[in-house]
Structure formats: C-alpha cells, structure tokens
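Trainee: Each chain is listed here by its residues.
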Amino acid sequence: QKEVEQNSGPLSVPEGAIASLNCTYSDRGSQSFFWYRQYSGKSPELIMFIYSNGDKEDGRFTAQLNKASQYVSLLIRDSQPSDSATYLCAVIPGGADGLTFGKGTHLIIQP
Amino acid sequence: GAVVSQHPSWVICKSGTSVKIECRSLDFQATTMFWYRQFPKQSLMLMATSNEGSKATYEQGVEKDKFLINHASLTLSTLTVTSAHPEDSSFYICSAARLAGNTDTQYFGPGTRLTVL
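Listed in order, the protein sequences are those of chains L and Y.
Counting in the numbering used here, the first sequence runs from 1 upward without gaps.
Counting in the numbering used here, the second sequence runs from 1 upward without gaps.
It should be emphasised that the hints constitute simulated quantities derived from the structure, not laboratory data.
Derived pair list, reagent style EDC-like, types lysine to aspartate or glutamate, alpha-carbon separation capped at 20 Å:
(1) Y:64 / Y:22
(2) L:42 / Y:88
(3) L:103 / Y:59
(4) Y:20 / Y:65
(5) Y:55 / Y:65
(6) Y:64 / L:97
(7) L:2 / L:97
(8) L:2 / Y:59
(9) L:67 / L:57
(10) L:67 / L:5
(11) L:67 / L:55
(12) L:42 / Y:22
(13) L:67 / L:27
(14) Y:64 / Y:52
(15) Y:41 / L:3
(16) L:103 / L:3
(17) L:56 / L:45
(18) L:103 / L:27
(19) Y:20 / Y:52
(20) Y:41 / L:45
(21) Y:55 / L:97
(22) Y:41 / L:5
(23) L:56 / L:83
(24) L:56 / Y:104
(25) Y:20 / Y:63
(26) L:67 / Y:104
(27) Y:41 / L:83
(28) Y:66 / Y:22
(29) Y:66 / Y:87
(30) Y:20 / Y:88
(31) Y:20 / Y:87
(32) Y:55 / Y:22
(33) Y:41 / Y:87
(34) Y:14 / Y:87
(35) Y:41 / Y:88
(36) L:103 / L:5
So, partial list: chain Y residues that the calculated Cβ filter (under 7 Å) puts toward chain L:
(37) 34
(38) 43
(39) 44
(40) 46
Where a beta carbon is used, it is the ideal one built from N, C-alpha and C, also for glycine.
Next up, chain L with everything else stripped away, as it sits in the complex:
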C-alpha cells in the first residue's frame, strides 16, 4: 500500500521562528510532491509543489525533497500566528493521477 507519513503533532513554534514539517513516502516511483495547508472546516489550499531533488523557495516557504531517502519537508520562516493550521503532505504515486495524502501535521504558532 502506498503511504505518506507525517507526525500529527501538534507542533508548537514561537512566532518569528522557523517551523519545520516533515513527511516520508513509501512509493519510490513517486514523482510529484505537494504541500497543502488546511484550516479547520475548509478545503486544502496549495502552498508549494516540488518534483526535483533539492530545495525550492517561495517567499517564507521552502520545500525540500530527497528522493533517495523518500523524504519531503517544508520550512516556514518568520512564522506568523496565521500560519497555524494543519499541513498536508501529498504525493502522486507512480502510475497514478490522484493524490495520496498524509494525515497532516497540526502546527500552532504561539504569539
């Protein structure tokens, strides 16, 4: 079974610090990787996608991918209280079109 694993948290980070979110996946054939943010009762909103090994930066967000270790991470710099949400890691497994989601990490930014 193709799985995506995340620590459910909650992960508590002081305002202004760096929040680090981690994700591992089981299917080595996976090619596309996504981070979504979901507020309670709302649908996910896309933060970033990455498909090459290394880092990808977009504003305060940096996604990191290591296919050899089957590991994806998301760094949030200068964390703000509005960043408090559940962060979902999602993967498109090899041969598939739909996303396989992790259970999400609940992030709390403390003012």
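Following the hints, complete the assembly by docking chain Y onto the known chain L.
Mentor: Same frame as chain L, but now just chain Y:
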C-alpha cells in the same frame, strides 16, 4: 487564477435520497478532476478520478454504483451520492488538475459538507 467552485457548500438530506454535487473550474479547463472524501479528523481519501468524456476510475473500496460521477465538459464534473445513508455523511472535496511547471497540480474546491439524517 486556478479557481475551483463547488455547489452546494453544504446539504442535509434524509436517508435514502440522492444528492448531486457540482464541481467547476472557473478560469481554466481541466481534463482531469478528482473527488475526495474527508471524515472528521482524518485526511483526504481519493474516491475517484474523472476524465472528461470517459468513465471515471474508482479507487478500491468505493462503490461506483453508489457514487455516480459525470464529467460532461472540461469545466464541470458532478458527483451524485445515490441512496445516501448516515455513514455517507462527510466532507466531499473536488479538485481540478492544471499543468504547472512539469506537473499537474491539483487545485481544490471549497468542499461540500453532506449530512445524512
């Protein structure tokens, strides 16, 4: 850009009735749309992949005769929950795929919360 809408945003129905949910990509054409379901405190689970003009592909364990999917155009997919029962109560979310970079990125609709009494 990349706006996806869903209608209705919430619905309450009696057990045994059918409910139709619409998903529209408003500012782009989506050859592929997806339907997900999310139970409380759970992650999203893919139900089916919907391609315009062809039959939907259902994930294992999802009854195709209960969850009817129609993808009539490049901007509209519908999910009909037939003979709904209380255990079908959930948050149903669609997504539409749009090419971004080298990958098809999915943009999600706002979701439809279904409550079956």
